[in-house]
Amino acid sequence: MTKVAEKPRPGAIAQDDLVVGSSLFKDAMRRFLRNRLAVVCLVITVLSGVICMIPHLPGMPTSITEAHIITNHGQNNLGPSSEHWFGTDELGRDLFARVVYGGGISFQVAFLGTMVSLIIGVTYGAFAGYLGGRIDNLMMRFVDILYGLPFMFVVILIMTVVKKETNSMIPIFMALGLVQWLTMARIARGQVLSLREQEFVTAARTIGASTPRIIFLHIIPNLLGPIIVYTTLTIPGTMLQESFLSFLGLGIREPHCSWGSLASQGIQAVSPIASYWWQVLFPCGALALTLFSLNFVGDGLRDALDPKGRQ
Amino acid sequence: MSKTTSSGKVLLEVKNLRVRFPVQGGIMMRKVAEVKAVDGVSFTVKARETLGLVGESGCGKSTTGKALINLLRPTVPGVILEGQVIYHAPDGPVDLLALSNSQMRRYRSLIQMIFQDPYSSLNPRLTVGKIIEEPLLVHTNMLAPERNKKVKELLVRVGLGGEQAARYPHEFSGGQRQRIGIARALATNPEIIIADEPVSALDVSIQAQVINLMQELQDEFGIAYVFIAHDLSVVEHIADRIAVMYLGNVVELGTSDHVYFEPQHPYSRALLSAVPMPDPDRSRPNRIVLEGDVPTPMAKPSGCGFRTRCPIAEASCAKDIPALRQVKGRMVACPLTEKMSKLLKSS
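Same order as they appear, the protein sequences are chains S and P. According to the working numbering, the residues represented by the first sequence are -15 to 295, in order. According to the working numbering, the residues represented by the second sequence are 87 to 433, in order.
Certain hints may be false.
[What the hints assert, rightly or not] Residues on chain S that point at chain P, a partial pick, calculated with CB under 10 Å:
id: 1; residue: Thr190
id: 2; residue: Ile191
id: 3; residue: Ala193
id: 4; residue: Pro205
Source of the hints: derived by calculation from the structure; they are not laboratory data. Here a beta-carbon is modelled for each residue, glycine too, at the ideal position from N, C-alpha and C.
Just chain P, with the same shape it has in the complex (with noise of 0.2 Å):
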């Protein structure tokens, strides 16, 4: 499979965003305190290429997401959103956090989603016809003849016969459910895919068609895809650069061979560790356990928020955040990148 080469243009341009959950408590349901889940994030989305966005559960990557495509606010009662997620549209730039919901609307058929489970992210009372449907009425005038011949064009291209677009969701299996999915986000032709794990509840000779046919609608439309994932040789696979994130920050963001083959941050070196190789000849890096479990975004440690797992850790990391720096061609918040090269040698 041929990754895009990713000299186009910036399409989305996520800048320090943060995003905050209150938690109430009491009888009165005041604020007691709030769950820092996205904690100063910035990274770009360039046209045709596909970032990775990995990283273990709960630390951020669809909180990201969904703040992405503006799918917290109304849903989430006092969350706070801040920083600026700048989407350079056909007809200029915008904001995507500072527009209300009926100004995101127009916006809504350009960036879309794919869901991660493919049970519950089609509605089982409509049909499949109906479901890819959807997206034709809300944003475009497309009279009924018009809507059935595209429906049955998106079925044809993700692999399904036109004909079953009469049929009801529970009567497909995951993989061709996971496909519809991707026909209806494809029905307005987006020029960004947020797919939140699009195949993490998929088995694994299924996933590998998914992500070609991503791979290949990629090609043919032009799509930018946000690709969330916890499977890092999924993400190596498609994704063109990774950001890996821990504790709502992200740690590293470089090109997917440069993060994937030779990561730097402490925390990218354990979790790239962790994944189990199927080639005995090869090599094995060593393998880093971390320790403990991981901080809750309640109360993250003060600077740097892998410090209490981190085996390099000093006592100027608890002072401020680390800065994203370039180390070796990618972008890595740790200074002390240096010292975990060494240990891990004198290992």
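Next up, chain S with everything else stripped away, as it sits in the complex (with noise of 0.2 Å):
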């Protein structure tokens, strides 16, 4: 049997008393830290969410905040120097400090966005495929209408309805999160189909536990996976939508500013008789490194929780 009773034999690797499990998650963390390339891209986005976000915490002083909108006369559109790192805008904006501050929102939208899909398409498709039979169908179909819908009609609905009221973002999380969800229930759903036919599923039901406790405790941990693969490669895709939809001018509003509104404002500055380049490059740069980034760290843990590359 099992009993490590045995003394350590001279050479052997001693063999600690405390016996700790190895769980799945952790095999796939070794696995992960061994892809250089997802580390490095890790590290990247890490850092630049860390850098982003400084100026969107609480308690900051006002000097940091507010860089982003403090407008400087006779300074417009300067060329990147050692005072203003990334030049300035048309208004005279440091635009380091905008890039810096419009990644923070940029980050909030695309994370909460993407939770907000998490949370619901997940539960939805989980119940949906648990359940299953009629109200499997039926609750997938409603999925599928809401595919049905053209997604941009939907969000520019949303935005322009909401827009006036507020100049919070809970319109955008809103919007991108609705169409998100739907694509992340279709996952959840499809891999549950499978779960629910293993026999540890059918165990906890012979045991007596009920519908809620055996999607939560042995459904939705299985599906960690997958889930946590699907999820970062839909932070980059929403922090795309959101730039997209405020390169359109429906997204975050002056004085607030995001990489894609940056990116908007810079497209404009270019003209025929002056090209400011700097206006335009380095918020696409930031967002670019970043999509960039996050897509590779997907990749590395999708390569990392796939039980069929364990070696």
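Two chains, two frames, some hints: make the complex.
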């Protein structure tokens, strides 16, 4: 049997008395850390996230939080210099402050929008898949109908209806989350359909566990792999959509900014007479670098969590 | 190993159990046919005894096991369950099939199940301790320290160390995982355990260990087993009585010595003549090779389900489904057992 009663042989690795289980998650971590590109990209993502979030933290001195809205007459459209690292825009605002601040907005929208879609989508999909039969059919047809609606139309509708009353970012989370959860629900349901046939689910029913208990304790934890992967791939998608909306002038409004709205302003400043390239390059570069890193982190996670890729 | 004497009271009475699954087709998903997975099965399980349920794949043994424990209804839409499964619970008899899910919950602690696949029957995200603890959480008011103590006791009882509770299922071998599954089934002190092919996924040496463990636990806790298997030599070893199933019907039911050593129904004879004998000196019964395939349970033959492959079938076999009758100390669902004996003697 498995009792470790014998004394450690010389040369053998000392067996710890304390038995600590190595969970599937720890194994996945180990595999992820071996993927160098993914680790580098994770570092870049975390760094850019942390830097961008600094001006948004509560308790920051107003000199930092308001740097991006302070206009300086006579300093408009200056190129990058030691004083203004990324140059200034047409109102003389420091572009570095605006890129950092706008990045924070982009990150917030992307994360919160994804979280909204994650919570709604996974719960919805898990219930549909587990309950099965007619309920599943009904719930998924509803998803299909929502899928059929043109995404931009819905988002523009929400944005224009809610926009006037409030300047907050809540409508944009709603709009993005509302669309993203559909795919999440489909992925979760597909996984649940195969999971619920597993004997440990039958075992839980034999024990007499309630349906919510089975779903939240036995089904959803086993969905984590695909869900984490899809989430990390959804975050850049949401970020891109937010930028797109802002670029169209439907997202973040002045005086606030995000990477998308900065790029939009930068493009308008490009003219045949003078090209203020830094106003396009820096926000777009920051966005591209972050999206690129997030996608590689997602790929790395997918490889790490795929049980077939185990060594 | 001593087999328990089956003189105890009747725990479970299965009366004319029928399970039919709808087959849906077409755009409207209308019911186009039915699979008669279990077609009128009756047997009893006594306290502290082991009833073996044998038969080839698709004969309805696992479905019967699941129906006994009321696991079919919510998962399979449109499933039709008929008949009665009377459980003589400590507080009076109750028909399990008539219970709603919430009514059934209080009996779940008394009727447990051991599963076939030790890999898929344990949740990979939970530690072994949490897996074994779950029935205690659902059915008892024990506090955390009591539960931990009980989990450790159970682990030790099934032959794993109590310190293994912190490990995850994927760190164990198949046999060890099956022991964990047994510990989970034991947690609430059940009266009946339905073992659905508990050893068929294990290697032979491990099979013997798990079977022996199950027998020890039976002696210690007085559990009755419904042991579903297709490996006849395993069933013969553990079971007090054996029910042989074919195409959703019980064709022979008797003590394991009777059924194993002198089967009477033509199907059980064929099944048992196919069991490999490791002893070359032992006289080998005449090998009966069945022709053809098992008919689909969607279109069962009229009358006796076995008549299409039976070596002694007569025209009368197509008329009625043969009832179980007493032959040489056991129940057999065939009126022509004499003819079979003669046929075997002459060959």
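Verification of the hints:
| no. | hint | result |
| --- | --- | --- |
| 1 | Thr190 | 5 Å, holds |
| 2 | Ile191 | 5 Å, holds |
| 3 | Ala193 | 6 Å, holds |
| 4 | Pro205 | 4 Å, holds |
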